[in-house]
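Participant: For reference, the chains in residue letters:
2 protein chains.
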Amino acid sequence: MQYMKIPRWKRAEFEEIEYEPKSIRELLKEMKNISELIVDLAYSAILFNNTDIAEEVKYLEVRMDKLNYEIRISAMLASRTVEDAEKMAGILQIAQASDTISNAAGDIVKLLSYKITHPILPHLIKESDEIIRKITMDRASSAAGKTISELKIASKTGVRILAIRRNKRWIYGPKGNVRLAKGDTLVCIGPDEGIRELTKLLKGDIGVLE
Amino acid sequence: MQYMKIPRWKRAEFEEIEYEPKSIRELLKEMKNISELIVDLAYSAILFNNTDIAEEVKYLEVRMDKLNYEIRISAMLASRTVEDAEKMAGILQIAQASDTISNAAGDIVKLLSYKITHPILPHLIKESDEIIRKITMDRASSAAGKTISELKIASKTGVRILAIRRNKRWIYGPKGNVRLAKGDTLVCIGPDEGIRELTKLLKGDIGVLE
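If you read the protein sequences in the order shown, they are chains A and B. Just so we're aligned, residue 4 is where the first sequence starts under our numbering, counting upward by one. Just so we're aligned, residue 4 is where the second sequence starts under our numbering, counting upward by one.
Worth flagging that the hints you see were computed from the coordinates, not collected in a lab. As the structure is a prediction and not an experimental result, all values here were calculated from the model. Even for Gly, the Cβ is constructed at its ideal location relative to N, Cα and C. Hints should not be assumed to be uniformly reliable.
[Claimed, not checked] Estimated spans, in silico, between C-beta atoms of each pair:
no., chain 1, residue 1, chain 2, residue 2, range
1, B, Asp208, A, Asp141, 46 to 54 Å
2, B, Val85, A, Asn180, 49 to 57 Å
3, A, Arg75, B, Ala92, 28 to 36 Å
4, A, Arg75, B, Lys137, 31 to 39 Å
5, B, Ser158, A, Ala184, 28 to 36 Å
All chains should be modelled from the sequences, with the hints used to inform the complete structure.
Facilitator: Okay, here's the thing in structure tokens:
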């Protein structure tokens with residue numbers, strides 16, 4: 004059970020999180036972002052037998068638990084009247100559904116640690132299916148300090164960046180004006196070949212994308 | 004409760020489904036596709052107060068229930084040995100998680116019928132967020148019989164087709180070679196302006212995309 008040995012997601016349950024969103028709006032926005040991302044990641048992990056991506060799912064699942072707890076506290080503190088409380092109940096229903104989605108995604112990747120490989124799974128991958136990979140940017144990469152647009156990642160490789168993990172903060176669905184930094188971990192989706200090109204760039208093996 | 008009056012998703016619970024996938028593989032593939040699509044649709048419905056998209060979520064949720072039932076039956080019939088059964092248990096875990104995801108998406112859109120509009124919700128929409136719309140192709144549209152690539156939908160409008168509903172069958176994440184037919188309902192994501200251009204084409208108001 005390779006990814007069970009990496010205890011980062013487990014540590015995260017007890018650690019303080021560096022970036023604390025302040026408002027209910029911020030909390031709910033991140034919960035929405037996580038639930039849209041985590042389902043794709045979970046299926047990708049199980050279909051491609053990718054423990055790296057499964058680890059991110061676990062991490063995001065724990066983060067979602069925390070957010071759901073925090074939003075409940077914030078909602079209760081913010082409710083002064085019956086009207087407030089009724090509106091907050093709606094927000095908490097969305098939050099709970101988001102948490103349920105992330106737990107279900109966690110259930111999917113749990114199968115990886117059972118080492119149950121079913122002959123049906125690889126057949127679920129469409130020929131056209133793009134792969135999802137996690138790439139950490141090397142110190143030597145010339146991409147550091149450049150924006151996603153400047154690097155022409157989409158047009159040169161066909162790869163889309165789903166999220167960037169920077170220390171303990173996540174940037175979901177980064178836009179072209181986001182500047183990459185050393186040590187960033189990019190969760191990317193795209194064709195096999197494009198992912199390989201981007202990996203070369205982020206590892207410092209090539210200077211620009213061709 | 005406008006969308007509650009439209010009983011199509013409710014009817015679907017009792018109706019026979021025209022397209023019946025045959026194998027466990029087909030069943031699971033569709034469950035994967037639905038769970039990847041339904042989360043985006045649910046959030047879009049609640050954020051943009053869109054009962055049209057909420058209706059599709061309801062429809063897909065009912066479809067998912069059916070698929071989860073069918074896959075259980077198929078898995079039991081296919082299990083002759085303990086090894087078979089153990090592998091099938093893994094498949095059913097993925098299926099159950101997919102069903103849970105679609106139910107959670109259903110819980111999100113249920114809020115629309117409660118008419119609870121929270122001032123926080125519109126703030127969750129990023130300026131860059133694309134809208135999701137359902138467009139049904141008119142008989143008069145010149146797009147009928149043409150492929151998605153031929154119509155240059157992506158390059159001319161920036162719109163991506165997430166799914167096509169054709170009678171009771173769904174095509175999830177259609178590729179460029181899929182030919183559009185009269186009466187197709189397209190679930191699309193993209194910039195406001197691009198969606199409007201595509202709507203004109205599909206309603207027969209313009210002959211080609213400019």
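Participant: Falls inside 28 to 36 Å, the C-beta gap from Arg75 of chain A to Ala92 of chain B?
Facilitator: Check passed, 34 Å falls within 28 to 36 Å.
Participant: Range hint 31 to 39 Å: satisfied by the CB atoms of Arg75 of chain A and Lys137 of chain B?
Facilitator: Holds, at about 34 Å.
Participant: Starting from the range 28 to 36 Å, see whether the pair Ser158 of chain B and Ala184 of chain A falls in it by beta-carbon distance.
Facilitator: holds (32 Å)
Participant: Tell me if the beta carbons of Asp208 of chain B and Asp141 of chain A are separated by a distance inside 46 to 54 Å.
Facilitator: Because 52 Å falls inside the window, the suggested range holds.
Participant: Take the C-beta atom of Val85 of chain B and the C-beta atom of Asn180 of chain A, compute their distance, and say whether it sits inside 49 to 57 Å.
Facilitator: Given about 56 Å between the Cβ atoms, the range holds.
Taken one by one, the earlier hints all hold for this structure without exception.
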